[in-house]
Amino acid sequence: MADYFLGIDLGSTTSKAIIINDRDEVVGKGITNTRANYEVAAEIAKVQALYNARFHLLKQALAAEIAADPAFARYAADLDAAFQFVQFESRLERLRRELAETALKVETRVPATELVKHVQEIADGILATGRRRYMEEDLGGKGQFFRDIVGEAYAKAVEERPKELFEPLMLLFDKSITPVENEMMAPDFSELVHQAQAMLERYHAEKAAPDEAAALRRAAGAFTAAIDRVAAEELNIARMVGTGYGRALLPFPEDCIRSEILCHAFGAHAVFPKTRTVLDIGGQDTKAIQVDSHGLVTSFHMNDRCAAGCGRYLGYIADELNISLNELGPMAMKAEKEVTICSTCTVFAGAELRELLNVGERREDILAGLHKAIVMRALSLLARSGGVKNEFTFTGGVARNDAVLHYVSDMVRRNYGQDLTINVHTDSIFMGALGGAMFARRNIKADLPAAAKGAKAGAEENEGMA
Amino acid sequence: MTPLEEIISTCRQLAFDLNFSRAKAWKAQDPQRVLVGFTPIYFPREVVHAAKGLAVGILGAGDRKPIIKGDAYYQSYICHMPRGIVELALDGNLDGFDGFVFPSICDVMRNLSGMFQLMGKGRFAKYMDFPQNFRAEIGGAFYKAEMEDVLRRIEAINGVQVTADALDRSIALYDRNRAMLAAIYDIRQDHPWRLAYEDLYCIMRAGLVMPVEEHNAMLEQVLEAIGRERGVPEDRIKVVVAGAFCEQPPLGLIKTIEAAGCYVVDDDFLLGSRWIEGAVGGGNGDPLAAIADAYLTRSVQSSVVYDVGNPKEKRLLDLARRRGADGLVFAAPSFCDPALLDQPLYFHQCEKEGVRYVQFQYNENTGQFKVIKEQVGAFADSIKLWEGEAATA
Amino acid sequence: MAKPTAPVEKERSMIMQKEMVEGLFKELATAREKGRKVVYTFVPGNLSELIRAFDMLPVYPEINALQSGMRKKSAAFIRDAEKWGHSEDVCTYVKCDIGMMLNGNVGPTGQKLPEPDLLLLSYTGCFTFMKWFENLERLYPNAEIAMLHTPYQEGGRITDEMRQYMVKQLREEVIPKFEKVSGKKFDEARLAGILANSKRTDDLITEIFAQSRQRPSPIDAYFAGVYYIGPINIGFRGTPEAVTYYEELLKEIKQRAAEGRGPVTPEGEIKEEKYRLVVEGPPNWTSFREFWKLFHDQGAVIVASSYTKVGGVYDLGFRHDPARPLETLAEYCMNCYTNMNLPQRIDLLGKCITEYQADGFLINSIKSCNSFSAGQLMIMRDLEDKLEIPVGFIESDLVDPRYFSYSNIKNRLDSFFQMLAQRKVLATA
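Residue numbers (the working numbering), protein chains in the order written: chain P, 1 to 466; chain F, 467 to 859; chain L, 860 to 1288.
No lab work stands behind these hints: they were computed from the structure. A virtual CB, placed ideally from N, CA and C, is assigned to each residue, including glycine. There could be a bad hint or two in this list.
Counterexamples of contact, computed for chain L against chain F with all Cβ distances above 10 Å [stated by the list, open to error]:
hint: 1; residue: K869
hint: 2; residue: V965
hint: 3; residue: I1004
hint: 4; residue: M1006
hint: 5; residue: E1013
hint: 6; residue: K1043
hint: 7; residue: K1058
hint: 8; residue: F1177
hint: 9; residue: P1181
hint: 10; residue: A1182
hint: 11; residue: L1201
hint: 12; residue: K1226
hint: 13; residue: L1236
hint: 14; residue: M1237
Taking lysine-lysine pairs in the DSSO-like style, the calculated list, with each CA pair at most 30 Å apart, reads [stated by the list, open to error]:
hint: 15; chain 1: F; residue 1: K587; chain 2: P; residue 2: K274
hint: 16; chain 1: L; residue 1: K942; chain 2: P; residue 2: K389
hint: 17; chain 1: L; residue 1: K942; chain 2: F; residue 2: K850
hint: 18; chain 1: F; residue 1: K587; chain 2: L; residue 2: K1133
hint: 19; chain 1: P; residue 1: K274; chain 2: L; residue 2: K942
Simulated restraints on C-beta separations [unchecked claim]:
hint: 20; chain 1: P; residue 1: P179; chain 2: F; residue 2: G718; range: 48 to 58 Å
hint: 21; chain 1: L; residue 1: G1176; chain 2: P; residue 2: K389; range: 36 to 46 Å
hint: 22; chain 1: P; residue 1: R414; chain 2: L; residue 2: D1244; range: 19 to 29 Å
hint: 23; chain 1: P; residue 1: R414; chain 2: F; residue 2: E817; range: 23 to 33 Å
hint: 24; chain 1: L; residue 1: G944; chain 2: F; residue 2: D652; range: 25 to 35 Å
hint: 25; chain 1: P; residue 1: R413; chain 2: F; residue 2: R589; range: 26 to 36 Å
hint: 26; chain 1: L; residue 1: D1046; chain 2: F; residue 2: Q841; range: 53 to 63 Å
hint: 27; chain 1: P; residue 1: K105; chain 2: F; residue 2: E817; range: 26 to 36 Å
hint: 28; chain 1: P; residue 1: E39; chain 2: L; residue 2: G963; range: 48 to 58 Å
hint: 29; chain 1: F; residue 1: E743; chain 2: P; residue 2: G350; range: 52 to 62 Å
hint: 30; chain 1: L; residue 1: E1038; chain 2: F; residue 2: T763; range: 24 to 34 Å
hint: 31; chain 1: L; residue 1: E1031; chain 2: P; residue 2: K389; range: 50 to 60 Å
hint: 32; chain 1: P; residue 1: K274; chain 2: L; residue 2: D1244; range: 18 to 28 Å
Construct the complete structure from the given sequences, taking the supplied hints into account.
Spelled out as C-alpha cells, the structure:
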C-alpha cells in the first residue's frame, strides 16, 4: 500500500490542499473558497484533493488507452466535467431546499408561495446553464467556486425579474448561501463518480453523433471497470501538514502546523529548484522570502499591519468597480497608460478611485495604475528582504492575475537584471500546500515543545482520514 | 511671456528637478566648488557659500517619482519624505554632491543622517545639532562649533579656508535674498492676487537649488513686477498655513488651497528660506557669531525650536493678525511628530481667541485633493458668509 | 516597576525592588505635606544623582505611561488625549501621559502624583521629549523649567565642544534652577559622594547583564531586563539601596547560573534554551505578558537587548566618575543608547550578537518611537549581511493597544522561530 502526504494551506481567501506520493509527485489537488467555517473549508479542499487523486490514478490506469483512442480521451475529459457538475448539482439542490425553507420563514411583502415559485425557477435555470457550462465550457477548470458561480447566476436571474422581487429574493440568497456553504458535503467517491457516469450516459445519448456514441460507450465500459478498482484502493495519508493564514485554526496537532513562509518557499523551490527568491502575494499577506539551495528559508519579510497591496485590496477594488476579481487583471492589461495611484491603503483607495473616475480617467488606465501600485509595495518588500538573487519565483493566488504578473516581471527585471529567470507556475496558488505536503513527507520535526505529544495525536488523526 | 512669467516657468522646472541639474552644472564649472545637500528646515547656507560651495535643499521626491527602494527602509508609520530622499540617494540622483547636512528637527531626519553614513553617500553626512539653549555663551558657542565643523569638512574636500570677509559677503547675499522674500510677502499681504502663491512657492523653492546670486537677480525682477498692479482681486479669504515646514505637499495641493477660495498670506512651507527675521548682519569681525546670534534671537517661530518663554501659539496668532489673515490652515504631513504634537496647543489658543481654523493631513505624494478642496472651500465660504453677516449686522 | 502579575517564583531582589518603588511613590504622595520638591524628568539622560543631591523627588512621565499600559489604562488615556486634540499618528507615551493628567494624575500605585516644582527636560536621544515638555509646560504653568540639551553623537563620538556645551548648561542653567526650586546651595562634594554609588551600580548592572553570556542564560535580558533596569532608571541610581539591590540581584543570578537554570518568567522557568536572541527596540507594554509568553513557549531567551540601554550604555566602558561630577553627568547623557548614531548602534548590536552567541536578531519596531524605529530596517540589513545572522521583524506599539495585533505578531514570530529551527537542523546535518 502506497503512502500519500497531504498539505493544506488555509488562506484568507482560498483554502488549498495538495496530495503527493512518496516521490514528491503531485497526485491530487483541491481548492475552495475560505468561508466562515474554516474547518469545512479545509475539509472540502482535502476531499477535493482526494477526488482529484483518484482521478489521477484512474487516468494513470487507462493512460495507454487515453493516449491511443480519442474516444477514451474525450470520455476522460467529460467524466471530469460531469464529476464536477454532479457535485455542483448536489450543492445546488441543497441550496434550493434552503432557499425554499427560508422563503417560508422570512417576512417580506411578497407572498412566500410566490417567492418559492421564483426560487424554483431560478434554481432550474442555474442548473440548466450550469450543466451546459460545466460540460461545454470547462467551468470546473476555471477556478470558480460554488458561491461565485451561483451568486452571479442568481443575481442575473433576479435582475430579469420584476423590481419588487429584487430585495426579497436577494435577502433569501444572503440568508441561505452561508449555511449551505458551511455544510460539509462529502459523498463517497464511487457514489459520485457513478452519478457522473449515469449523467454522462444521458448526455452522450443526447449530444454525441451515433458512431461517436458507440465509441464512447465502449470507453465507458472500460472506465467502469477501472473506476471500481481505483475507488476500492485505499489512499493512505501517512502524514499531513497545515499552513496558511488560518493555520492556527486548523484542527491539526501543533507539530503538524508549519508557517506558510516555510511552506511557500519549500513548494516553490521544489517546482523550480534554482529558485533563490520567492515572492508570494496572498489575500492577507505579501511575503518576500530568500531561500538557500535546499529550499530552506534564510530570511523573509512580510507586509506590515495593513493589508494594503495584498489580494484583499484587489478584492476591494473589484467590489468598488462592481466587477469580478478575475476580470481585474485582463481589464488592466487593456490600459493605454497608467494613472498614478498614490494610495494602496484600502481605506483611501475607494475615494481615490472614485475621484479619478470623476475626472474622466478610463477604468482600464486606473486599474493599470492600481496594479502597478500594488506591485510597487511588493517590490519594496523584496528590496527589504535583500532584493532578488538568482532565480525568482512568484507564487500565491495573485500570481494568476495577468496585470500583476506583467508588472512584477517588468519591475523585477528592471531592478535586478533583464536576464533574470522569473518563474510562475499555473498552480502558483498551490505552492504553500505543496510545501506543506513535502514537509509532511519528510517529517521534518517542527521544533516545538509539544512535538512528542503531537506526533501521536497526528497519527490517530491520519487513521481517521484514510 | 513677460519676464515674470519666464521666471515662474524656469523656477517651476528647477524647483522640482530631482536631478539638481542647475546645481550640478554650477559645480562643474570649477573643480573647487562643492555641493552640500541639506534637508529641512533651516541651514545657514552662507557658511557653505563662503567656502565656494552651494547649499542645495533636498525636499524629498514629492509626487514626481515612484518610491520602491526608499519604502524598503521605512515602516508604514513613518512620514513619507525620507523614503523619497533615500530613493534619490540610491538611484544616483544625489551623486555629485560632496556632503550632506541634516539639521536637527526630529528623530526621523536625525536617523536619516546615519543612514546616509551607512550608505556612504557623500564625503560627509552630518547631523547638525542646533542649540536649544539660547544664550550666546552656551548655545551660541556650541552652534559656532557646529558651523566650524561644517567648514572643516568642506575644507577637507576643496581646501578652501574661509575668511571673515568671505563670510560677510555671503551673509550679505543671503540677507538680501531674505529681505526680498520678506518684501514679496509684504506686498502679497495686501495684494495677494498679484502673484499666485503657487508661483511664489516655485520661485522660493527654486532658490534652494541654484546659486543665490542668480536667485537674487530673479527676485529683483519679481519684486519689480509685483510692485505694480497685476492680476484681478478675487473674493477670497486670507489664510496663514502652518505645519508644512518639512515634508512638502505636492504642488497640486498647494494650488488647491488657493483655488478653494483662499489667499495664502503667510506659511511655513519653505520656512528655512525665511528663517531669520531681519538681517544676520555681520561685519564685526566674527561672522559666525553674527549667524549664531541671528539664530538665537531672530529665528522665526517653528515647531522645532524650544519655545520656553516665547510660546509658539502666541507667535503664530500674532503673525496671523499681522498679516490680516481671516483664518489658519493647519496642514501637516502624516506621522510628523513635531507638527502634529504642536497642534492641540494651537487649536486651544485659536478657540480661546475665536480664531477660525481648518486642519488636514497630507503626504508628499497625496494624489487626491478633492476632500481637501471641499474642506478648505467650506471653511472659506463659512468665513465669507460669517463676515458678510457681521458686516450687515 | 510593578509586575503585571506575580511571577511563580519570587526572589528576594524582587521584593526589595517592590519595596523601593512603593517607598518612592509613598514619598511622592506625601511630598507636598513634607515640603519635598518634585522634579519631572525622562529616563534617557536622567540626572538621578543631581536630583538626589538637592533632596528632590523624581517623577518619570514615560514610566507612568508604561505603567498605565501594563494596567490596561492607556487606551482610555490615549483616547482622552486624542479628544483633547492630539493626532492618532503621534507618540502614545505623550498621549497616555497627557490623558493621565487630564484624568487627575493618579499614578501607578493609585495615589495622586504631586504636580512638578521643576520640569527638567533632559532632552536626550528623543526629539519628541521636547514636544512633550512643551505640552507639559502648559499643563503646569507654575513649574520652573530647566532645559538640558544633550547633543547627539552624530560623528560617533563625544567632542570637547559637546561636553563643554552640556557642562555649561548644567552649571549655568540647570543647577541654578535646582537651587532656586529647592532653596539649597549646590554641593559638589555631595554630588560626588552620590556618584560614587552610581559607579558601583554601573559595575553591578554591567556584570548582571554579562551573565547571559552563559549557556543556558540564567536571565532574560529583555522582558526581565526591563525590571532589572528599573531602580537605576527611576531615581535610585546613586543610592545605597540601589547598591544593595544590585548586589543581591547579581548574587541570585550567579546562583541560578551555577545551578545551570534558565530564566524565570511569569509562566515559570524556561527549562530548555532553544534559541538565543538579541532584540532591538522597546517592548510592548499593553500585552507585555502575552508577548513574553510567545517567547517563553518557544524556549526563546533574549540574551541582550538595546532597550535595557536606553537609560545608559555601560557595555562600552562608561562609568560615572565621582572625580568629574558635571563632566560625568554630561557623558552619561550623551552615552544613552538612542543618543548614539546608527553606525554606533550597529556596532553595539553586532557586539552583542557575537559576544552573547545569539542565534537570531529580532526587531520589535515601535510605532511611537521614531528615535528607535527610523532606520531599523537598515540596521537589520546591515547586521544580516555582516554577521549572516537570521533576522526577524515585528511591529507593535508602546502603550496603544490598537497597535498590538497578537495574531499578526504570532504569525511572524512562528515563522521566525521555525526558520531558526530549520537552520539549526541544517547546521547540525
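Under the constraints set out in the numbered hints, which ones does this structure not fulfil?
The structure breaks hints 3, 4, 5, 11, 12, 13, 14, 15, 16, 18, 19, 23, 27, 29; every other hint is satisfied.
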